[in-house]
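Enquirer: Just so you know, the sequences run in chain order X and V. According to numbering that gives the first Met the number 0, the first sequence is numbered sequentially starting from 0. According to numbering that gives the first Met the number 0, the second sequence is numbered sequentially starting from 0.
Don't take every hint at face value.
[As the list claims (entries may be wrong)] Computed Cβ-Cβ distance ranges for the label pairs, DEER-style: (1) K100/V <-> R217/X: 20 to 28 Å; (2) D125/X <-> N35/V: 55 to 63 Å; (3) E85/V <-> D125/X: 33 to 41 Å; (4) K100/V <-> Q87/X: 51 to 59 Å; (5) T205/V <-> P156/X: 53 to 61 Å; (6) S25/V <-> Q87/X: 25 to 33 Å; (7) R93/V <-> M221/X: 16 to 24 Å; (8) P192/X <-> R73/V: 23 to 31 Å; (9) P156/X <-> E85/V: 52 to 60 Å; (10) V236/V <-> M221/X: 42 to 50 Å.
The set of hints was computed from the structure by calculation and includes no laboratory data. Since the structure is predicted, the reported quantities are computational estimates derived from the model, not experimental observations. Positions of the beta carbon are idealized from the N, C-alpha and C atoms, including for glycine.
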Amino acid sequence: MPTFFEMKQVVTPGDLIAEDDYIAGENTYAEDNKVYASRMGIVEYENKKVNVVALRAFYIPRVEDIVIGTVVEVGFNGWTVDINAPYQALLRASDVLSRPFKPQQDELSQVLDAGDLIVAKIIAYDRTHDPQLTVGEPGLGKITRGQIAKVTPTKIPRVIGRKGSMISMIKQETGCQIILGLNGIILITGKTPEDEELAMMAIHKIEEESHTSGLTARITQMLSEEKTKREEIKK
Amino acid sequence: MSQKSEKLIDKKGLRLDGRKSDELRSIKIEVGALSNADGSAYIELGKNKILAAVYGPKELHPKHLALPDRMFLRCRYHMAPFSVQERKSPAPSRREIELSKVIRESLEPSIFLEYYPRTGIDVFVEVLQADGSTRCASITAASLAIADAGIPMRDLVVACSAGKIDDTIVLDLMDTEDKMGTADVPVALMPNLNAITLLQMDGILTSEEFDKALNLALEGCIKIYAIQKEALKAKYVSVKEVEE
Chain X
0 MPTFFEMKQV
10 VTPGDLIAED
20 DYIAGENTYA
30 EDNKVYASRM
40 GIVEYENKKV
50 NVVALRAFYI
60 PRVEDIVIGT
70 VVEVGFNGWT
80 VDINAPYQAL
90 LRASDVLSRP
100 FKPQQDELSQ
110 VLDAGDLIVA
120 KIIAYDRTHD
130 PQLTVGEPGL
140 GKITRGQIAK
150 VTPTKIPRVI
160 GRKGSMISMI
170 KQETGCQIIL
180 GLNGIILITG
190 KTPEDEELAM
200 MAIHKIEEES
210 HTSGLTARIT
220 QMLSEEKTKR
230 EEIKK
Chain V
0 MSQKSEKLID
10 KKGLRLDGRK
20 SDELRSIKIE
30 VGALSNADGS
40 AYIELGKNKI
50 LAAVYGPKEL
60 HPKHLALPDR
70 MFLRCRYHMA
80 PFSVQERKSP
90 APSRREIELS
100 KVIRESLEPS
110 IFLEYYPRTG
120 IDVFVEVLQA
130 DGSTRCASIT
140 AASLAIADAG
150 IPMRDLVVAC
160 SAGKIDDTIV
170 LDLMDTEDKM
180 GTADVPVALM
190 PNLNAITLLQ
200 MDGILTSEEF
210 DKALNLALEG
220 CIKIYAIQKE
230 ALKAKYVSVK
240 EVEE
């Protein structure tokens with residue numbers, strides 16, 4: 000049962016990673032008992048499973064994911080939402096209004112209009128149907144303030160950190176509220192634009208240096224340095 | 000055709016640009032050359048200069064083209080008006096439409112089209128400067144652009160041409176050799192799967208000559224593949240090294 004790459008090595012699509020007993024995991028495929036990479040990325044073995052952590056990928060909807068999207072179209076009984084995925088998502092009017100939806104009486108564009116940003120959860124999606132969203136849970140709904148940051152969707156786990164260590168540190172250091180859309184869009188709301196800017200800086204630094212180790216410590220250091228710098232300017 | 004009498008290969012066995020019969024032109028490949036596209040690549044093969052850009056997978060317009068069981072791959076091969084000696088009309092010619100189809104069909108087997116049904120991928124190939132074997136260079140660049148866009152694929156596709164000039168089988172034809180030569184055999188290959196995705200022949204070859212040309216082109220493909228792979232890795236590895 001040979002393997003042709005070591006842990007953490009970079010592979011390109013089509014590279015033969017392992018033979019025989021191995022199982023194809025993420026971003027790989029199996030043919031004739033051989034496991035090949037299907038995306039450019041970094042090899043990881045998990046017992047007999049071979050995974051490739053993709054360096055470039057796009058967001059694929061999954062049920063229960065929290066995403067941040069832009070309303071692109073107001074329809075007859077709902078909205079079409081761009082969630083940064085190959086498929087556009089649907090949000091039904093009856094989901095947003097607390098009472099039954101009456102087309103004669105309710106003007107949908109007054110509730111949400113094209114260009115509005117929403118935090119939503121995916122409640123249904125499969126190969127044959129476009130993803131469907133809901134905003135009927137606490138924390139979901141129209142975004143009224145804050146700033147938006149965009150990162151590659153594959154890097155969201157890095158922004159969260161191990162057991163949420165990274166994101167809770169940024170929240171604590173900057174005093175901002177941060178909502179991570181699993182589709183790579185991040186909402187930052189702070190007390191002042193300066194706080195938001197600080198959190199934004201941290202997130203962009205994470206995206207650029209996502210493949211390096213000891214990142215949480217460096218981000219903490221960067222944030223405290225920035226903060227003292229700003230204190231001095233104020234004085 | 001006064002040039003026809005001119006020799007394409009000199010007494011030493013060297014070609015017009017000083018190459019040996021089994022030598023490739025110099026190749027430079029850059030991945031991620033464009034920032035607005037989802038994936039992109041730029042290739043220089045001798046005097047050829049070609050840009051490839053990929054968008055998608057995304058919702059397909061017009062919607063009636065969407066397929067219920069797989070992605071729709073759309074290719075556009077286009078030559079810039081300034082890419083050749085005489086100004087070329089920017090409107091798509093018969094040849095460009097055909098090459099769009101040829102490139103699409105050679106890329107199709109490499110992509111997992113069935114993963115994301117009802118969506119579409121757009122591949123744009125823009126030839127900035129042409130000097131023979133543009134279809135091969137285009138396929139090599141387009142495949143890299145698709146990989147750069149993060150689209151799942153079975154293998155990269157790499158293409159190379161061989162042909163016959165002055166009764167010799169040679170690798171990687173340039174424009175004059177293509178026009179004055181006897182035959183041209185472009186080949187596209189998925190190297191790891193050892194599968195040919197494009198095989199054409201323009202001109203006259205005996206079956207022995209054809210075998211020889213095909214094998215030569217396949218060898219060329221393997222050489223280009225190594226460069227192609229390095230180019231794809233370089234985009235990410237260079238970032239890594241700077242930080243470490």
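Enquirer: Now look at each hint and say whether the structure bears it out.
Expert: Hints and how they fare:
1. Roughly 51 Å separates the CB atoms of K100/V and R217/X, a value that falls outside the hinted 20 to 28 Å.
2. The hinted range of 55 to 63 Å is not satisfied by D125/X and N35/V, whose Cβ atoms lie roughly 31 Å apart.
3. Taken as a hint, the range 33 to 41 Å is violated for the pair E85/V and D125/X, whose Cβ atoms sit roughly 54 Å apart.
4. The hinted window of 51 to 59 Å between K100/V and Q87/X is violated, with their beta carbons roughly 29 Å apart.
5. Remark: the range hint 53 to 61 Å for T205/V to P156/X is upheld by a beta-carbon distance near 59 Å.
6. Against the hinted window of 25 to 33 Å, the Cβ-Cβ separation of S25/V and Q87/X comes to about 45 Å, which falls outside the hint.
7. For R93/V paired with M221/X, a C-beta distance near 58 Å fails the hint of 16 to 24 Å.
8. Taking the beta carbon of each, P192/X and R73/V are about 43 Å apart, not inside 23 to 31 Å as hinted.
9. Between P156/X and E85/V the beta carbons are some 54 Å apart, a value that agrees with the proposed interval 52 to 60 Å.
10. Checked against the given bound of 42 to 50 Å, the beta carbons of V236/V and M221/X, roughly 24 Å apart, lie outside it.
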